[in-house]
Amino acid sequence: AQSVTQPDIHITVSEGASLELRCNYSYGATPYLFWYVQSPGQGLQLLLKYFSGDTLVQGIKGFEAEFKRSQSSFNLRKPSVHWSDAAEYFCAVASSANDYKLSFGAGTTVTVRA
Amino acid sequence: NAGVTQTPKFQVLKTGQSMTLQCAQDMNHEYMSWYRQDPGMGLRLIHYSVGAGITDQGEVPNGYNVSRSTTEDFPLRLLSAAPSQTSVYFCASSYEVRSPTEAFFGQGTRLTVV
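These protein sequence lines are chains A and B, in that order. Residue numbers 1 to 114, in our numbering, belong to the letters of the first sequence in order. Residue numbers 115 to 228, in our numbering, belong to the letters of the second sequence in order.
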């Protein structure tokens with residue numbers, strides 16, 4: 001069965017500092033990987049996705065993620081955080097072995113301090 | 115283009131009551147799904163549909179029913195509400211079923227069962 005682990009429940013970062021959110025997946029088949037962001041009281045918005053090709057993926061809002069097959073990881077990064085990046089972030093994985101249904105991690109809440 | 119629309123946004127039910135959460139999408143998406151979001155658990159799949167007239171169970175289907183009579187609509191019915199069903203419910207849709215594609219999410223319905 002596929003599973004997604006986000007080791008960090010909560011991260012606090014200063015505005016302007018860099019941010020890295022960790023995501024590890026467990027899988028037998030080729031994974032398709034996603035990062036979603038959820039602002040307070042809102043639905044989920046796709047930040048970026050990885051299907052194949054270049055392992056460094058650029059997304060919206062200045063985010064990027066790197067797929068590392070050897071480490072089963074898909075970590076999300078942003079070089080300089082803005083106060084509006086305070087939100088909850090979810091890593092998700094899909095595969096042909098599971099009919100492409102999304103499995104989500106538990107989420108990481110990001111707090112941005114001034 | 116409204117995307118995925120969920121109603122109501124908030125609902126309080128008494129134990130044993132029934133209700134239907136509405137979900138509609140105007141993107142002609144083939145795949146629709148319902149998730150529940152609980153603190154520390156991410157999003158868990160309740161039911162999903164790969165097209166009109168076809169539904170199947172997800173990870174946590176007990177206590178919920180669905181039907182898909184049209185491509186646009188995918189209502190979720192709570193048959194006899196229980197406090198354990200207090201949660202935030204999200205409807206999502208995707209263009210394709212048999213390949214990985216981005217999921218579009220509604221704004222969510224916050225349900226409290228007392």
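Take the hints with a grain of salt, since some may be wrong.
Stated by the list, open to error - Okay, the calculated bits of chain B under chain A, using three or more residues with CB under 8 Å as the criterion:
id, segment
1, 156 to 166
2, 207 to 216
Claimed, not checked - Label pairs and their calculated CB-CB ranges:
id, chain 1, residue 1, chain 2, residue 2, range
3, A, Ser39, B, Ala166, 48 to 56 Å
4, B, Arg212, A, Arg69, 38 to 46 Å
5, A, Gln45, B, Thr226, 36 to 44 Å
6, B, Thr134, A, Ser70, 43 to 51 Å
7, B, Lys128, A, Ala17, 44 to 52 Å
8, A, Ser18, B, Asp187, 42 to 50 Å
9, B, Gln136, A, Arg113, 33 to 41 Å
10, B, Arg158, A, Gln45, 13 to 21 Å
11, A, Ser70, B, Thr129, 29 to 37 Å
12, B, Ser132, A, Ala114, 43 to 51 Å
13, B, Ser194, A, Ser14, 42 to 50 Å
14, B, Val228, A, Pro40, 39 to 47 Å
15, A, Ala17, B, Ser132, 19 to 27 Å
Said to hold, decoys possible - With a straight-line Cα cutoff of 35 Å, these simulated DSBU-like cross-link-like pairs (lysine-lysine) come out:
id, chain 1, residue 1, chain 2, residue 2
16, A, Lys49, A, Lys61
17, B, Lys128, A, Lys49
18, A, Lys68, A, Lys49
19, B, Lys128, A, Lys61
Honestly, the hints are just simulated from the structure, not real lab data. Quick reminder that beta carbons are idealized off the backbone N, C-alpha and C, glycines included.
* Asked: Taking a Cβ-to-Cβ distance below 8 Å as contact, does the segment 156 to 166 of chain B have at least three residues touching chain A?
  -> holds (count 5)
* Take the segment 207 to 216 of chain B, compare each residue's beta carbon with every beta carbon of chain A, and decide whether three or more fall closer than 8 Å. => holds (count 6)
* To do: Kindly confirm whether 19 to 27 Å is satisfied by the beta carbon distance between Ala17(A) and Ser132(B).
  => 49 Å, violated
* Asked: Using the C-beta atoms of Val228(B) and Pro40(A), is the stated range 39 to 47 Å upheld?
  -> 24 Å, violated
* Asked: Per the hint of 48 to 56 Å, is the separation of the Cβ atoms of Ser39(A) and Ala166(B) within bounds?
  -> 32 Å, violated
* To do: For Thr134(B) and Ser70(A), compare the CB-CB distance with the range 43 to 51 Å and indicate the outcome.
  => 47 Å, holds
* Asked: Is Lys128(B) close enough to Lys49(A), meaning Cα to Cα at most 35 Å?
  -> Distance ~40 Å between Lys128(B) and Lys49(A) Cα, so the pair is violated.
* When you take the CB atoms of Arg212(B) and Arg69(A), is the distance between them in 38 to 46 Å? -> Violated, since Arg212(B) and Arg69(A) (Cβ atoms, about 23 Å apart) do not stay within the stated range.
* Asked: Between Lys49(A) and Lys61(A), does the CA-CA distance stay at or below 35 Å?
  -> Holds, because 14 Å separates the two Cα atoms, which is no more than 35 Å.
* Asked: In this structure, is the beta-carbon distance linking Gln136(B) and Arg113(A) contained in 33 to 41 Å?
  -> 39 Å, holds
* Is it true that Gln45(A) and Thr226(B) lie within 36 to 44 Å of each other by Cβ? -> Hint violated: Cβ distance 25 Å, outside 36 to 44 Å.
* To do: With a cut-off of 35 Å on the C-alpha distance, tell me whether Lys68(A) and Lys49(A) pass.
  => 14 Å, holds
The earlier numbered hints that this structure contradicts are 3, 4, 5, 11, 14, 15, 17 and 19.
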